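Here the working numbering is used: position 13 in the sequence shown is 13, and no number is missing along the way.
Worth flagging that the hints you see were computed from the coordinates, not collected in a lab.
Please read these numbers as outputs of a predicted model, since none were measured by experiment.
Where hints are given, some of them may not hold.
[Claimed, not checked] Straight-line distance between alpha carbons at most 25 Å, and here's what the computed BS3-like set of lysine-lysine pairs gives:
no., residue 1, residue 2
1, Lys107, Lys171
2, Lys201, Lys107
3, Lys40, Lys68
4, Lys152, Lys171
5, Lys107, Lys68
6, Lys201, Lys171
[Unchecked claim] For each label pair, taking beta carbons as the anchor points, the in silico distance ranges come out as:
no., residue 1, residue 2, range
7, Ile97, Asp144, 20 to 30 Å
8, Glu46, Gly155, 38 to 48 Å
9, Gly32, Asn76, 16 to 26 Å
10, Pro154, Gly74, 24 to 34 Å
11, Ile97, Glu72, 18 to 28 Å
In this text, a Cβ means the ideal position worked out from N, Cα and C, and glycines have one as well.
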Amino acid sequence: MCDSSVFQEGERAMYLTFHHAEAAVGLEMPWGRITDLIEKNRNWTEGIDLLCYCHQTDFEAGVNGCAKLRQELGLNEVMPISVGQSGSLSLSNALTILDWMFNSGTKNHALCIIADSFIPDHIDKQGSCLSMTALIGVSTMAGDYRVESCRKLPGTNVKAGAKSAVEPILKLGLHQSEFTSDLEMEVVTFDAGVFGASQLKLRRT
1 MCDSSVFQEG ERAMYLTFHH AEAAVGLEMP WGRITDLIEK NRNWTEGIDL
51 LCYCHQTDFE AGVNGCAKLR QELGLNEVMP ISVGQSGSLS LSNALTILDW
101 MFNSGTKNHA LCIIADSFIP DHIDKQGSCL SMTALIGVST MAGDYRVESC
151 RKLPGTNVKA GAKSAVEPIL KLGLHQSEFT SDLEMEVVTF DAGVFGASQL
201 KLRRT
C-alpha cells in the first residue's frame, strides 16, 4: 500500500482515526502522558490486535516504550511492534508494516502511537525537550478516513531529524493540510529531508 500510488486490486482497505495529537515542552519522556490518555479513553484499545509504537530516532527507547505501555495497560494479548529510527517517516513506515499484516488476514485493528522527543534550538530551559505525541487507530473495518494512497517521494533539503511525524497530523486537525480540489480528500506530507518523504492521501468517510 505505501509503496504505490493506489491500493492494488485485492488488498484490504485501511482506515485511520486520529484520536489525539499534541506538542508539549517538559522534562520527562511522553510515556506517562500516553498512558494517562489511553487510561481515560479505553475505547481506543478495544478490539486491537496490534500495538505499534513509533519513536523518533532512539531504537532502545522505542522498544522499551512499547513494552512499558503494553505492560502498564494490561495489553498482554496484543502483539507489540516498534518502529524506530524513521523520523518523520515513522507513520508511513508503520502503515506499510500494518498493511502487510492486515493483508495476511489475521489482524484487523491496531493502535499506532507516535512518541517523539527532541531538543529544538529555541528551548532555553535546561533539560527540557519538546515531546510530540499522536495516537491513531488503524483498522480494516472503519475509521474517520480511508487511506487512498501512500506514496514514497524523493528527498528534500529539510534538515533530517528536524521534524516529527506528529507535525502534519497536528495541521490536519487544524484543517491546514495541503490544498486539494476534492473537498472530501486530505493530503498529508511527511518530510525526512535527504532520507525521503511520503505523501498520504486520505478520504473522509
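Hint check:
| no. | hint | verdict |
| --- | --- | --- |
| 1 | Lys107 <-> Lys171 | violated, 30 Å |
| 2 | Lys201 <-> Lys107 | holds, 23 Å |
| 3 | Lys40 <-> Lys68 | holds, 17 Å |
| 4 | Lys152 <-> Lys171 | holds, 20 Å |
| 5 | Lys107 <-> Lys68 | holds, 22 Å |
| 6 | Lys201 <-> Lys171 | holds, 14 Å |
| 7 | Ile97 <-> Asp144: 20 to 30 Å | holds, 21 Å |
| 8 | Glu46 <-> Gly155: 38 to 48 Å | holds, 39 Å |
| 9 | Gly32 <-> Asn76: 16 to 26 Å | holds, 20 Å |
| 10 | Pro154 <-> Gly74: 24 to 34 Å | violated, 43 Å |
| 11 | Ile97 <-> Glu72: 18 to 28 Å | holds, 23 Å |
Going through the hint list in order, the structure does not satisfy hints 1, 10.
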